[in-house]
Amino acid sequence: QVQLVESGGGLVQAGGSLRLSCEASRNIFSMSTMGWYRQTPGKQRELVITISSGGGTNVADSVKGRFTISRDNAKNTVYLQMNSLKPEDTGVYLCNAHFGRGINYWGQGTQVTVSS
Numbered sequence: 003q004v005q006l007v008e009s010g011g012g013l014v015q016a017g018g019s020l021r022l023s024c025e026a027s028r029n030i031f032s033m034s035t036m037g038w039y040r041q042t043p044g045k046q047r048e049l050v051i052t053i054s055s056g057g058g059t060n061v062a063d064s065v066k067g068r069f070t071i072s073r074d075n076a077k078n079t080v081y082l083q084m085n086s087l088k089p090e091d092t093g094v095y096l097c098n099a100h101f102g103r104g105i106n107y108w109g110q111g112t113q114v115t116v117s118s
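For what it's worth, the numbering used here labels the leading residue of the sequence shown as 3, then goes sequentially.
Misleading hints may appear alongside valid ones.
[Claimed, not checked] Think about it this way: if two alpha-carbon atoms lie no more than 16 Å apart in a straight line, the pair counts; the simulated EDC-like pairs of lysine to aspartate or glutamate are:
hint, residue 1, residue 2
1, K77, E48
2, K45, E25
3, K77, D63
4, K45, E90
5, K77, E25
These are calculated hints, taken from the structure and not from any lab test.
Put together the whole structure using the sequences plus the hints.
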């Protein structure tokens with residue numbers, strides 16, 4: 003079992019920045035792909051950005067050049083740095099740990115609201 007706890011969400015004006023954190027209950031980065039997803043009302047959960055165990059990243063077109071993902075192995079924490087935020091970035095951001103074979107763990111999410 004893995005617990006994921008997100009933090010760092012909040013209200014920000016368009017053009018601003020936020021950094022989200024996702025702390026895992028144990029060291030899993032060498033064996034999993036970590037990612038951030040976004041959930042908005044009436045829409046499917048969408049991938050924002052991921053980082054594989056080898057360090058490769060996958061970034062949604064909508065956030066390329068604005069969002070980056072990083073991790074601190076010593077702190078078991080993954081970060082999502084969000085710059086140049088837009089109102090359409092508003093949503094609940096969820097942290098995910100994917101181990102393959104369909105094994106996924108999710109955090110409870112943190113709300114990000116970008117005002118225009």
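**Request:** Go through the numbered hints given earlier and state which of them the structure violates, listing their numbers in rising order.
**Result:** Going through the list in order, the structure violates hints 1, 2, 3 and respects the others.
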